[in-house]
Amino acid sequence: MYRTAVTVVFLSALGIIAADVVLRLVLRRTSPPNRVTPSRDREGAESANHPVVGWLRVVVNLVGLASLAMVASTGFSALLTNDNAMTGDRLIWHVGTAPAFALAAVAVTLFWAHRNRFSSADGSRLTSAGAWAVPLRKLFFWLAVALAVPTLLSILAAMFPLFGSDDQQDLVCIHRYCALLLSAAGFLFAYFALVTWRERSRD
Amino acid sequence: MGIARFSIAAALAAMSLLQAQPKAKPGAAPQAQPKAKLGDNSAGSRGQPAHIIALRDPEGDTIQPGDRRAMPFSVTQTCGGDCHDVAAISRGWHFNATLPGVPAGRNGQPWMLVDRETATQIPLSYRTWPGTYRPQQLGMSSREFAVHFGGRIPGGMAPEEGDSSADRARWGVSGNLEVNCLACHDASPAYDPAEYAHQVALENFRYAPAAASGLGLVTGSSRDMPDIFDYLLPNSVEDSLQPKIPKVEYAPAQFLPSGKVAFDIVRDAKPSSCYSCHTNTDTELTGATRWKGQDDIHSARGIACNQCHRNGLDHMVTRGYEKGAEVSLTCEGCHQEGNAMGAPHPDHEGIPPIHFAKMTCTACHSGPLPETNTRQLKNGMTHGLGEFNVNKAAQALPHLYYPVFARQADGKLAPNRLVWPAFWGRLQKGSVVPLHPEQVKKALLKGKLIAPLSPDGSWPNADEHWVEQVLHLLNEDAPSQGPAVYIAGGKLHRLDSAGKLRTEDHAQAQPYLWPIAHDVRPASQALGAKGCQDCHATDSALFFGNVAVDSPLAAERVAWKMNRFEKNLDVDYQARLARTWRYRGMLKGIGLAAAGLLLLFLLAYAFRAIDRLSAVTAGRFR
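Heads up: the protein sequence lines correspond to chains W and Y, in order. Sequential numbering from 961 applies to the first sequence in my numbering. Sequential numbering from 4 applies to the second sequence in my numbering.
Be a bit skeptical, because a hint or two may be false.
[Stated by the list, open to error] Chain W regions said to be covered by chain Y (calculated; three or more residues, Cβ under 8 angstroms):
id, region
1, 1027-1040
2, 1097-1108
[Stated by the list, open to error] The following residues of chain Y were derived to be distant from chain W, with all beta-carbon distances above 12 angstroms:
id, residue
3, E352
4, H358
5, N566
Think of the hints as simulated: they come from the structure by calculation, not from any bench. From the three backbone atoms N, C-alpha and C, an ideal C-beta is built for every residue, glycine too.
Generate the whole structure from the sequences, applying the supplied hints.
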């Protein structure tokens, strides 16, 4: 069941990325240069003023992505080896990188929350050719932030003597499914953030 | 083949013939079922039926108080004559060890043949438990076994095929060790299991129930009678033996005017009856310190042994296996699925479910809490606790250790009791054939090597030189039967080509383990009650405790790490995992703080989103 869910979610995420890549390539061939609607967002330009903040953002983004990749790979690799439960060194690595991920998640949220506010322009961007990256970036960002909370709280709650074994099983289930969606949303956010940054720098 | 064995075999053959018969055709008259005996066909009354019954002798004749020469009463005849199917009962766990084709069941408590002079303690069993030896492997006949251990066996032993003529003659003198229903079901305060054991040691098998029941006084000893002794013709022995002829004298006051006797028989055995043989007690809690001990939580709550360990007429007492047929009578049966006797349903707060897949309930709840070093215990079956003249010293052999955590056949970690085998043998095709201690003793006497014994009942004062000398003697004794070896302390000892002692590993030197079920500790005293670090610590006894290695040779009394018994355990991983525990608080702190901050972000922007949504309704969204 969970294995199927993981496959479906990650394939869907890859599908979204692939569709975006294909559509962009098609648009680039069919549209004359500079006809692609720039996806630059006004909020993005605001915080790039101070060079230290800019560098800090890069570090936070990289650390956030790396820690997400680490917790996701340790979390989901158990499925590749037919282990039903995460045990052994994989568990130690997963738990060891989790605090870094939690801190990075807060930092990424701090750096991106303001820029990822939804605005009235997002509606039209979503339907205009090639400009959908910004609203999708925002969408996946807020999805990731929203999913990070139950992902963290569910597994932390299981570490306290509050819930019985059956409830713990439910908590682990919540953690696994929320983490699955969080990973997909996190990677999609990273992808669309990269796309919007690339387009902005090209402009 | 003995009469009793023959009867059982015949009954089994008849049963299989009955089963092999073709099924009745539809419409044919139903076949008559064997009629249950009077006492085996309950009308459903929960009252205790009175057992006012006539005593019968081994021939089935009624015993009267005024008999000129009283016969010992036979339990099989008295209980089984009209009322109970003793043949069916005799296939139960307590009596069926010697029957062929009986499943061995899970490893259990072995019998321990101990001989201090030869520094021997070897686990024996008629069941095929790996690590135990069948008595025949030591050349021990069933009669000798019955004399040694019969005092703690509630019967079911008789001559066997292959018994020597001398053994058969002795069985004739002593009588069979019949199924003794009274051992468990006689609730009379006059019933004395120690007297039963005493009579068995005197080889008065036939007289033991009468003596133990308190209905009669038994004197004399079958052990002192010659092989030709016939209890029906006692005066046939020479005059000098007349005072030692076994006989019973019944107390006339025990007989009712009808000539019958009122037994205090109970359907459900009292725990004290079970404890006569099944006592396990920590050596630190014997003697004056006994009052400091704690009881099993179930016993303390008034739950008797047989409320879980139940049986039908077949007397196949349920053993509480997790995957047994009678799941309702297991830990889970009461504490998870059912609600028998109002058993609490534990939630196991904070304990990840993986623990229940990898550990038995007993791992956390049974036996003493694991400490740095294993503890020692004494047992009713192995130490004859409660019998006359028992050695009460803490170090009396055999030396049993607990709790030892080891993987079961189903892969779960469970607590066990352990004994280190120590015996002499001969190496034949890589396998050690154990020698009977008496055989070794002959060699020791010949070489004047009987080691001095200490009064504490422990090992003799032996060293490597002594072992070397004994091995030389045994090799000289029968050089063609394979090199003599000595198993002790988890090692095999043998002489090398230069005649010097050398030790090596051998599978038969490994300790024998059997699971601990009792005493059960409540949740507040369970492993893990103080937190995860009861086990997940770099010095936790569960993984890194010391298991005492026992040997007559002082140099070998070292310790094995507990994890040596926990097959497939990644010890380094457990150590690494334990080391991460110190950061667990930090992990929780960071996680909670991060979740809180993320929640704040969400709330902050959610409020703004709500504000914007409100602006949209006012047509002012930008």
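Handout entry: Beyond 12 angstroms from each Cβ of chain W, as asserted for Y:E352
Key = Answer for Y:E352: violated, closest chain W Cβ roughly 4 angstroms.
Handout entry: Stated coverage of the region 1027-1040 of chain W by chain Y [criterion: 3+ residues, CB within 8 angstroms]
Key = Since three or more residues must qualify, the claim that chain Y covers the region 1027-1040 of chain W is violated, with 0 doing so at under 8 angstroms.
Problem - Nearest-CB test (12 angstroms) between chain W and Y:N566 - result: 15 angstroms, holds
Practice task
Would you check whether the claim that Y:H358 is not at the interface survives, using Cβ distances to chain W and the 12 angstroms cut-off?
Solution key: 8 angstroms, violated
Exercise for the section: Examine the region 1097-1108 of chain W for residues whose CB is less than 8 angstroms from any CB of chain Y, and state whether their number is three or more. Expected result: holds (count 4)
Against the hints set out earlier in the document, violations occur for numbers 1, 3 and 4.
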